[in-house]
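Undergrad: Please model the entire structure based on the sequences and the hints provided.
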Amino acid sequence: MKKLFLIALTAALMLVAGQVMAQTSIVVAQDDPPRMMNPHGDDSDAGLQYFANFFDGLLQRKGSEGTLAPALAERWERLDALSWKFWLRKGVKFHNGNPFTAADVKFTFERLSNPEVSEFVNTGKSIDKIDILDDYTVVIKTKDPIPWFANNMHQIFIMDKEDTESRDPGNVMVRPVGTGAYKFVEWVKGSYVKMEANENYWEGAPPIKKVEIRPITESSTRFAALVSGQVDMVTGVPVELYDKIAANPKVRVVSRPARRSIFLALGNKPGTPMADIRVRKAMYMAINEDEIIEKVMRGHAAPAAQIPDPPTIGYRDDLKRMPYDPEGAKKLLKEAGYANGFEVTLSGPNDRYIQDEQIVEAAAKYLAKVGIKVKLDVKPKSIFFPEVAEGKLEFYLIGWFDGTFDMGRTYFKLAHTRDKEKGYGELNGANYSNAELDKMLESTADIIDIQKREKVLQDLNKMAMVDLIVWIPLHYQVDLYAVLKDRGIKFEPRPDRWMIYKEISK
Amino acid sequence: MVTYIARRLIQGFIVLLAVSMICFFIFRYMGDPVITMAGRYATFQEREEVRRIFGLDQPMYVQYGRFLWNAAHGNFGKSYVSRVPALGLIMERFPATFELALFAVCLAFSTGVGLGVLVSLKPYALRNRLIMAGSLGGISIPTFLTGILLIMIFAVYGGLLPSFGRGETVQVGFWRTGLLTLDGIQHLILPALTLASYQLAVLLRLTRAGMREVMTQEYIKTAWSKGLPPRKVIFKHALRNVMIPVVTIAGLQFGEILAFSIVTETIYQWPGMGNLLLVSIYENDQPVIVTYIMLASVIIISLNIVVDILYAVLNPKIRYA
Chain A
7 MKKLFLIALT
17 AALMLVAGQV
27 MAQTSIVVAQ
37 DDPPRMMNPH
47 GDDSDAGLQY
57 FANFFDGLLQ
67 RKGSEGTLAP
77 ALAERWERLD
87 ALSWKFWLRK
97 GVKFHNGNPF
107 TAADVKFTFE
117 RLSNPEVSEF
127 VNTGKSIDKI
137 DILDDYTVVI
147 KTKDPIPWFA
157 NNMHQIFIMD
167 KEDTESRDPG
177 NVMVRPVGTG
187 AYKFVEWVKG
197 SYVKMEANEN
207 YWEGAPPIKK
217 VEIRPITESS
227 TRFAALVSGQ
237 VDMVTGVPVE
247 LYDKIAANPK
257 VRVVSRPARR
267 SIFLALGNKP
277 GTPMADIRVR
287 KAMYMAINED
297 EIIEKVMRGH
307 AAPAAQIPDP
317 PTIGYRDDLK
327 RMPYDPEGAK
337 KLLKEAGYAN
347 GFEVTLSGPN
357 DRYIQDEQIV
367 EAAAKYLAKV
377 GIKVKLDVKP
387 KSIFFPEVAE
397 GKLEFYLIGW
407 FDGTFDMGRT
417 YFKLAHTRDK
427 EKGYGELNGA
437 NYSNAELDKM
447 LESTADIIDI
457 QKREKVLQDL
467 NKMAMVDLIV
477 WIPLHYQVDL
487 YAVLKDRGIK
497 FEPRPDRWMI
507 YKEISK
Chain B
-6 MVTYIARRLI
4 QGFIVLLAVS
14 MICFFIFRYM
24 GDPVITMAGR
34 YATFQEREEV
44 RRIFGLDQPM
54 YVQYGRFLWN
64 AAHGNFGKSY
74 VSRVPALGLI
84 MERFPATFEL
94 ALFAVCLAFS
104 TGVGLGVLVS
114 LKPYALRNRL
124 IMAGSLGGIS
134 IPTFLTGILL
144 IMIFAVYGGL
154 LPSFGRGETV
164 QVGFWRTGLL
174 TLDGIQHLIL
184 PALTLASYQL
194 AVLLRLTRAG
204 MREVMTQEYI
214 KTAWSKGLPP
224 RKVIFKHALR
234 NVMIPVVTIA
244 GLQFGEILAF
254 SIVTETIYQW
264 PGMGNLLLVS
274 IYENDQPVIV
284 TYIMLASVII
294 ISLNIVVDIL
304 YAVLNPKIRY
314 A
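Read top to bottom, the protein sequences are chains A and B.
When you read off a place in the first sequence, starting at 1, and then add 6, the result is the number in our numbering.
Quick note on numbering: our numbering labels position 30 of the second sequence as 23, and the sequence is numbered without any gaps.
Note that these hints are calculated values from the structure, not bench results.
Source: prediction; values computed, not measured.
Careful: at least some of the hints might be erroneous.
Facing chain A, from chain B, some residues (calculated, C-beta under 10 Å) [stated by the list, open to error]:
hint, residue
1, ARG33
2, PHE37
3, GLU39
4, HIS66
5, GLY70
6, LYS71
7, GLY81
8, TYR150
9, SER156
10, VAL240
11, LEU271
12, GLU276
13, ASN277
Ideal placement from N, C-alpha and C gives every residue a C-beta, glycine not left out.
TA: As structure tokens, this is what we get:
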């Protein structure tokens, strides 16, 4: 009898233990493997999402809307055009037990300008000086007015000065020590990243105690791992596999409109056909975006009439796409003196955006229908993007979303006339240039009042999309995730596609 | 023999130099790494500064000379992407690839030769004809399809074997092995089978052809007529003579599997060198690509030499001048 009781007790305990384990751990197959664990060495969203679990920024982006919220700084203020004051949170400790103070903030921002360890060289170099007022107050002064400076503080992760300086640089590259919701356990490159909850996290311990991330780049393998129950959820469901995955009764597909818009950029070199606004309009009208979404994107995209997405400063909800009208396009071309069309080279990457090559091909076919002869020039992103940076192209497909949720920075980068001295227009790959737009854009940098600035950016957006047709907008991508139903995971995707495990629960 | 080996080593060295030059120059034209290294929002000046710091502003021959000099000192440069030494990054992945390749070649060799002998004894039996037809499949079905089919059957529908990764591994010194845990071995089965399928078929067909030829030879007839047991005739007298081309091919294949199991490693997310190479090509990480190709050449060249030596051991008739 006693023996039976013992057996029953053990069984019950094991059952409870099993449940506790099941409740608090998660295995996720992600489509983007981490490249390093040095939080400043990778400025891609694929990399930042890993760092964001181990580290905190001064500020953070929260939840499904990406609202800017306090993190290591409790509040912040723009004192004047150049100065930003941050009041730091007290009592926060790094994973190694060191307290977090203003010295760590200064150390972090100074580290950014060293290209050997940082891809945020631009942010680092834009800082003039950092004043430590006391252990928990800093003022950061920039060289030029940067209205979106605070908006970017969720991407700059604070490192422990003492710890980072004392360790070998190679070790810093692979072992993160931050203040974040999760402590680093182990990273076997190509196999997994393991992390465990930081029970002393300043925001409260995260609900999921153990996280194991399995990077699987091959989409069919990722799907097989999910369906065979080896992982609880996957990121990055390809549109080709969507129907198959959605039909599986064990799996729930979670989708979310992505922030990234896909668009075509056109040059306007004087004397070329595309310098004529009628030709730009005709090209816009010639493209059947609804059909691209239906056939190429298989329904997983939303039409775009502008580059920014709704939460971005500068977005206007009154912009509408020009309707698809090949006859009207032909008429406009005739008016502009190109009744027999003209020749243009359309470039694009083939390994960067969802169905990028197919979109470029479709666009070429639509343009051919109104008489424009399009030469296709599609290549890997490692060759394509340097060409954009050098301004060698005349017409190309690109995608964008701004991590700062502020169109100002993006416009300086993509639409301002290329200017080596001032550092504008580095990714204006087709050398678009309009003096009026440049002037209006430069005036926004000094406006401190947020509402006023937003108004000007909205006007700028309208001018670019309606009056000048700087770009032909196509669509916003959709992010797709798949979760095993029986694992009871509560998960809401973020607009920036980061996997932040403290926001997930079971 | 010694002069022969010395000559082979010198040849190998020249090949290595040529390989390094070709891949160094080709991958420099694969795109500009500075764009990503400086970050998306870098200005023109910041980009130029990064270029200077990493020495990418210098003429190609200076860069190549510096690369050779450093390589001679065992320094193959740092990865542009993860900013740690490229050689270390690759060597970290080596155990995974080596274990997979070794397992696959052992599987291919034992099964391939075994079936080859079996088939050659009664070439027209129905079972043996089926085996031969199957081997055609092994040769002609591409690896990625074999891989996906095996995953579908054993992982998705059967739920018998894991479909990706290495499973539980144990760190023994610098070597991370998956051979010491049951989980690790289960994870090894499907990728090894995928990798072995082509090699197995080749070895099978090679053994069969060789055996059929040798079995008609006079000395085999003599052996039979002496009344030797079949085991001795087949394995000692016949198979030993067939083994020379088979070992050559198996050895060369081992090098190939070690260096280029990229497809299999990608399908199974096997954390080996091939997987790293593919990711590095995708991200244009030139130091890692160049180091990898150099390393692969070293492996293939040395295996060639080892196979030549094995030749002599297996067949004393072969002598090197």
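Undergrad: Taking the hints in turn, state whether each one holds.
TA: Results of checking the hints against the structure:
Because the smallest distance between the Cβ of ARG33 of chain B and any Cβ of chain A comes to about 6 Å, under 10 Å, the interface hint for this residue holds. The beta carbon of PHE37 of chain B is positioned within 10 Å of a beta carbon in chain A (closest approach about 5 Å), and the interface hint is therefore held. Using the Cβ-Cβ criterion of 10 Å, the hint placing GLU39 of chain B at the interface with chain A is satisfied: the shortest such distance is roughly 5 Å. With a least beta-carbon distance of about 18 Å to chain A, the hint placing HIS66 of chain B at the interface is violated under the 10 Å criterion.
Hint on GLY70 of chain B is violated. Least Cβ distance to chain A is approximately 13 Å, over the 10 Å limit. Hint on LYS71 of chain B holds. Least Cβ distance to chain A is approximately 9 Å, under the 10 Å limit. Look at GLY81 of chain B: its Cβ gets to within about 8 Å of chain A, closer than 10 Å, so that hint holds up. Given the 10 Å rule on beta carbons, the hint for TYR150 of chain B holds: about 9 Å separates it from the nearest Cβ of chain A.
At a threshold of 10 Å, the smallest CB-CB gap from SER156 of chain B to chain A is about 5 Å, leaving the interface hint in force. Nearest Cβ of chain A to the Cβ of VAL240 of chain B: about 32 Å, over the 10 Å cut. The hint is violated. The criterion of a C-beta within 10 Å of any C-beta in chain A is met by LEU271 of chain B, whose closest approach is roughly 8 Å, and the hint holds. A distance limit of 10 Å between C-beta atoms decides the matter here; for GLU276 of chain B the minimum to chain A is near 7 Å, and the interface restraint holds.
Of the supplied interface hints, the one on ASN277 of chain B holds, with its beta-carbon coming within about 4 Å of a beta-carbon of chain A, less than 10 Å.
Hints 4, 5 and 10 from the earlier list are contradicted by this structure; the remaining hints agree with it.
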